[in-house]
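> The chain contents come next:
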Amino acid sequence: MPELILTKDLDVPDYHRLAGYRSRGGYGALKKALDEMTPATVGAEVKKASLRGRGGAGFPAGTKWGFIPAQTEKPKYLCVNADEGEPGTFKDKVIMERAPHMLIEGIILSCWAVGIHHAYIYIRGEFVKARKILQAAVDECYAEGILGPKVMGKEFCLDVTVHAGAGAYICGEETGLIESLEGKPGKPRIKPPFPALVGLFGCSTVVNNVETLAFVPHIIERGADWFLKIGSERNPGTRLFGVSGCVVKPGVFELPMGTTLREIIYTHAGGLPEGRTLKGVIPGGVSAPILTPDEIDTKADFDSLAAKKSMAGSGGLIVIDDSVCMVRLLARIARFFAHESCGQCTPCREGTDWAFKVVSRIERGEGQPGDVDKLASIATSFAGITICVLADAAAGPILSFVQKYREEFDLHVTEKRCPLENKAPSRPGP
Amino acid sequence: MPKVTIDGREIEVEPGTTIIQAAARLGVKIPHYCWHPRLSVAGNCRMCLVEVEKAPKLMTACSTPIERDGMVVHTRSAKVKEAQGTVLEFLLLNHPLDCPICDKAGECRLQDLYFEHSRRDSRLGPDEKVHKPKNVDIGDHIVLDVERCILCTRCVRFMREFAKDPVLGIIERGDHSEITIFPARRLSSRYSLNTTDICPVGALTSKEFRFAQRVWFLKHTRSVCPHCSAGCPVILDHNRGQIYRMMPGERDGLAVWLCDPGRLGYTCVNDEKRPVAPLLAPPEGRADQVSTTWAEALAAVSAGFQEHLGKAGPNSVAGIFSNWCTNEEVFAFTRLMTRGIGTASVACHKPLRGLVDSGAPDGILIREDKNPNTRGASEIPTLMKKEPKALTDIFDGLMSGKIKALWVVDPDLLGRIPEGKERKRAQDALKKAKLLVVQSPFVNATSRLADVHLVSAPWTEKEGTFTNVEGLVQKINRAHGPRGEALPDLAIFQRLADAMQINVDVAEPAHVFGELATAVASFRGIKYKDLDRGHGKLRAPDPAGGKQPEKDGDTKTP
Ligand SMILES: Cc1cc2nc3c(=O)[nH]c(=O)nc-3n(C[C@H](O)[C@H](O)[C@H](O)COP(=O)(O)O)c2cc1C
Ligand code: SF4
Ligand code: SF4
Ligand code: FES
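Chains A and B are the protein sequences, given in the same order. Each residue of the first sequence is one higher than the last, beginning at 1269 in this note's numbering. Each residue of the second sequence is one higher than the last, beginning at 73 in this note's numbering.
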């Protein structure tokens, strides 16, 4: 069994509470850092570990922290991205519900390293249970002096605020998140300036994903060199893979980065049900372009999947078998993006819904000759020219589905029905 | 300073200048919707995409600053043109086909840019457009068509940043996004009509202009808003002797904002009841004035003046001019009175009240003084031989009988004096005059007292200059007319002088301005024909050290 980092102790009773977490050495890394290290050495260790952001883009956390000016007149902030909105993704929830103190310890270490005195955890509104657990953990920390005016008795003050979102995927985009935290509609900002210079309330801000931060205590406790030995080249460490769809044992699996998709699906997620064959895998949440069965020996890490013109994204694998109509699935995905577009940029606002209308028409058996090409051309034109990358995320699935399952799309148009079923195709569900 | 090359031409700019600003300086136009030189950058329409060498993606010219030296920008490459076509296709996707009945047609940026940069065929297919509310009454002057909105947020930013009354916003997401007004609020700002100018499409239209006229029939005449001392440059849009609207003019190459009351202040010149010929009251009473010819009217005035001059001396004929007179009229009138007629009984009526009440000053545009030329009317006579008297001296003179005849050049002398004792006193004094001559474009309480009403052309039907509160000398131009037999004030002065055989040459504003520029220090060096080149290009030296108009952009507002 590969080494577990984040999930090793999840079965310890009361691990989500301070006592349970401490019983396994919890807050030891923080103590070590406060006693033996300086903020700079904590930052340096994380940088050396090449900890890549687990929120989607895989940007190295240490480098991102380095963009924050050392001396600022205004305060600096940390925004913890706990919005987990990408369909097919459900791994941050596991950390927040079962190891909230690991996240808090990571937050404190990161804030100490960067010189931040207030962190906001922006948690997806639908995560009611996770929010309650997380808030209870934060309260415990205040009661025990782990948070507050003197963190663990040291001259370092830190406040952590848990803030619930109101149900918008776009509030997971870092500047949408910041706008939302400020009480405005979650519409992403033009970058530059990046949050590191102008972020929350106009101040220098770090935005990191929950899972990214949960690794920090482990890196501090055991050292960057240990971390670098796990995973694949330039993609160190483990990662929480959320596997859903047509597998026998869906769930969250912690595996070294660079584990192949095949191993994740067949060894860990129990493979496909009897009699089904694999038709495709979405490797990193619905934004990630789909891979076909002959591509599943690809390593599930940032660089290997990028080389396959897909992406590791949020680590959410969606497994699709031969019972699934690709047109119908794409219609469902297209609907998601059209619904979640914040609507400020012309191409994304208009294009995502147009694409949805065209693909649903094809799905209903009402497609017209040329519609499949039109669908692809709409996606090509709205990608790459917007404020945030939601539009690109929406284009990825459309272009990859049409390219890789073209025949199925064409059959819907020529036969005016879904070839997978004996009946005329129906509308995708709500 | 960093250098940037745009379409092969190099220019040096201040660091932080955006590509769109630098391009404008080179005369390169980059199509845009959401960007506006006087508002913050939103970057949402994506119309201004340009290719920047070494950048992985197309960049928005409105939001990309030039920070490093040697940036190379292409605004017409194949990639750029493709993106422009794409953005236009998306903008038109859910846009209603209202053009035939849309007031913006003919000056709509969506129409214009589509014609200039796309002309692609529609690929919409059988899909329904997204429908949104139409014909929503959101303010005293504004109707909103939500469906036509392209969500550029210009109006939202204008209300927040300039009008300081943020009542507009966008709700919902995706292609259901809608421009809307805050619950239970109205677009009641005194600056609301500017939103109809900056709205690139026909989403925000003015109630006053809706369905009044197709824009391509309109003729445009540069002028100055006369309704407060700010003297905002305007464009009179007119056709067949009617003013249809007043649009913002330019100052320092940039379109200005206007206040609603000022902008709508043209309605009185369109008034059908405006007199179109001089009016003469029968000798026995002033009640029933009747239309007459200029010859008769002027003969009556001339005879009357001469009679009193002969009997009671020069000071028995008095004149009142006002802060509604152009600089040339002030100069001509004061000269005619003091040198031609030889009277010392000349006063200037310059109250704060004007013809339109735009309300309390707000530190934005609106000034307390609601008149166009208080500064000019004060500056010019102080340099004459005989300084004007106070208005009360004239009234006292009338009451005591020393003044027999009075010539009032003011659109509404009594109406601009506060109601109550003061106005009553003025009214009593006017009634005492043996001969009251009122020169005004309008019929009102003052003109009704007149023995002779010399019907003059309003500011839209004549030419001249006003000096605004900041000392800026600006030209008003004749849009059309004058209506009927009405005459510009200078022409009336000339004709009366001729009738009285006084040798002056005051009929032509250009000529009078020339004399003015020689005689009066604050006009020295200004050439009349230069004033046509643009609003506010020339300004008089400013003894009061008033604020200069802001200079914050470099291109014309679309
Ligand atoms: C449309 C959109 C949605 C996103 N949603 C999330 C999200 O739910 N959670 C998350 O951690 N990152 C999300 N991201 C990525 C964030 O913008 C950001 O890159 C990330 O939070 C950075 O954290 P990391 O560097 O630790 O990965 C999203 C990005 C986009 C464009
Ligand atoms: S790309 Fe889409 S989601 Fe992102 S800012 Fe633009 S409209 Fe909003
Ligand atoms: S109403 Fe006009 S100005 Fe306002 S957002 Fe819509 S298109 Fe832009
Ligand atoms: S003008 Fe630049 S994005 Fe609208």
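No lab work stands behind these hints: they were computed from the structure. Heads up, a few of these hints could be off.
Okay, derived cross-link-like pairs now, DSS-like style, lysine-lysine, Cα gap no bigger than 25 Å in a straight line [as the list claims (entries may be wrong)]:
(1) A/Lys1342 x A/Lys1497
(2) A/Lys1517 x A/Lys1342
(3) A/Lys1577 x B/Lys474
(4) A/Lys1459 x B/Lys504
(5) A/Lys1459 x B/Lys461
(6) B/Lys474 x B/Lys461
(7) A/Lys1577 x B/Lys201
(8) B/Lys201 x A/Lys1684
(9) B/Lys151 x B/Lys101
(10) A/Lys1642 x B/Lys101
(11) B/Lys101 x A/Lys1576
(12) B/Lys75 x A/Lys1459
(13) A/Lys1642 x B/Lys151
(14) A/Lys1315 x A/Lys1276
(15) B/Lys126 x A/Lys1642
(16) B/Lys129 x A/Lys1642
(17) B/Lys236 x A/Lys1452
(18) B/Lys201 x A/Lys1459
(19) B/Lys383 x B/Lys236
(20) B/Lys474 x A/Lys1459
(21) A/Lys1577 x B/Lys461
> Sort out which numbered hints this structure fails and list those numbers smallest first.
Failing hints, ascending: 1, 2, 3, 4, 5, 7, 10, 11, 15, 18, 19, 20 and 21.
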